[in-house]
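Using the sequences and the hints, build the whole thing.
Numbers in the working numbering are just positions in the sequence shown, counted from 1, shifted up by 7.
Because the hints were derived from the structure by calculation, they are not lab data.
One or more hints might be untrue.
Claimed, not checked - Computed list of lysine-lysine pairs in DSSO-like fashion (alpha-carbon distance at most 30 Å, straight line): (1) LYS183 <-> LYS155; (2) LYS416 <-> LYS364; (3) LYS250 <-> LYS238; (4) LYS238 <-> LYS276.
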Amino acid sequence: MQTLGLTRAFVFFVVAFLSTAALDAADRLPLIDAAKNADVNALRTLITQRVDVNAPSADGTTALHWASYRDNLDAADLLIRAGARIDAANDLGATPLWIASSNGSPAMVRRLLQAGAHPNLALLLGETPLMAASRSGNPEVVAQLIDKGAGVNARGARGQTALMWAVSEQHPDVVKVLLSHGADIHARSDALSQMMAVPPHGKPEYNRMIPFGGETALLFAARVGDLASAKLLLAAGADVNDKDAWGVSAMVLAAHSGFTEMVEYLLEKGADANAIGPGFTALHEAIMRRDVTMVTSLLDHGANPNTPLQAWTPERRSSADFNFAPAIVGATPFWLAARFAEPDVMRLLAARGADPKFVLRNEYYVNDFNDRRTQATTAVMAALGIGGGRAWVRPDRAQLQMLILESVKLAIELGVDVNAANTDGRTALDIARASKLDSVVKFLADHGATGGKKTP
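Following this line, the structure appears as structure tokens:
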């Protein structure tokens, strides 16, 4: 039997979520305890004493549930021959077959199906044995269930299908079986909208309804980086430019998740390198992740090096979610690369036609979030950390200072005004001094930089 970590822990919860608190009648405990403990001799003795083999615990779990969970074929045989109800369901709707399927146990599934177990009895949340088997990842179990009539395209409570489960858990062998039996590659999970925000949360313009869900199996593959399953899905006719309910394409989703090989493969198969959906492209995402290889692939496939970021993206409160802050909305890829101190990416972008002299002009909140400021930030200032927006992938301070210096040098070489002032009057030299970036201060001074009208 396959051991599945969190999945197995969930199965245990389904089987026994009330058992530890339940006070069973005295004549029920011995049989269920024997099944829990995989004590076949005790089971045999109790059955010969004509104990009720279908007596459930308070949560509806029977001895056969426990025999299935323990993957104990001998115990299951004894109970089935003694008249155990094959499709008994506990309070969550779990049957012995659902449990065996979730365990990924071919022998137990075969035995239960032979005894007449119904392959389509689902949990109360709609998860069928086939979905459970697809999640656990044993293709033999999946094939057995389908051969006995399991609904390949049945849907769970939120529209999930067995194919989505197989892909999300990265089981391409299961995906192959499901596709060969007519799994719908165009089925989508249910969509819903949720109010999401970024700090300061009390500002209406930083709150908006964002759609979630509406994902096909290919989008799940992009989310988790399951390249093998993505290849199977595209070969079966999946749309390489598929988008979720928010408008995020499979490639942008893969880029956000950091799966470079997936991005490269989708590009090779014709994915739109400039898909922008809700306001951000794969190129923006690749820069946020400091992924030079991904940036190169996107540019090689026609990504526009001057497409501005059009929208902020949400983050969960107190999380480390990768997101684009409101302060950098409007930024171009070159400006973002400067902001995140990525000189190699800046160089790549400039060689492909990026405008290094772009100035980001927008408004954002600082300090106690009642202080709204305007900015006019050049790439040089961005490299020095002005303009907001968190750098999610950061090198150590010593390396960062070298990268900032290299980024500043490159921007100035490409024609960015060394003495341009932000709306508060500060210049790059003021910013470098305030940040105690001595090597950058020296370089700027050597290249004619002067201080501005104000100091921080």
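Now the hints, each set against the structure:
no.: 1; hint: LYS183 <-> LYS155; verdict: holds, 18 Å
no.: 2; hint: LYS416 <-> LYS364; verdict: holds, 14 Å
no.: 3; hint: LYS250 <-> LYS238; verdict: holds, 17 Å
no.: 4; hint: LYS238 <-> LYS276; verdict: holds, 10 Å
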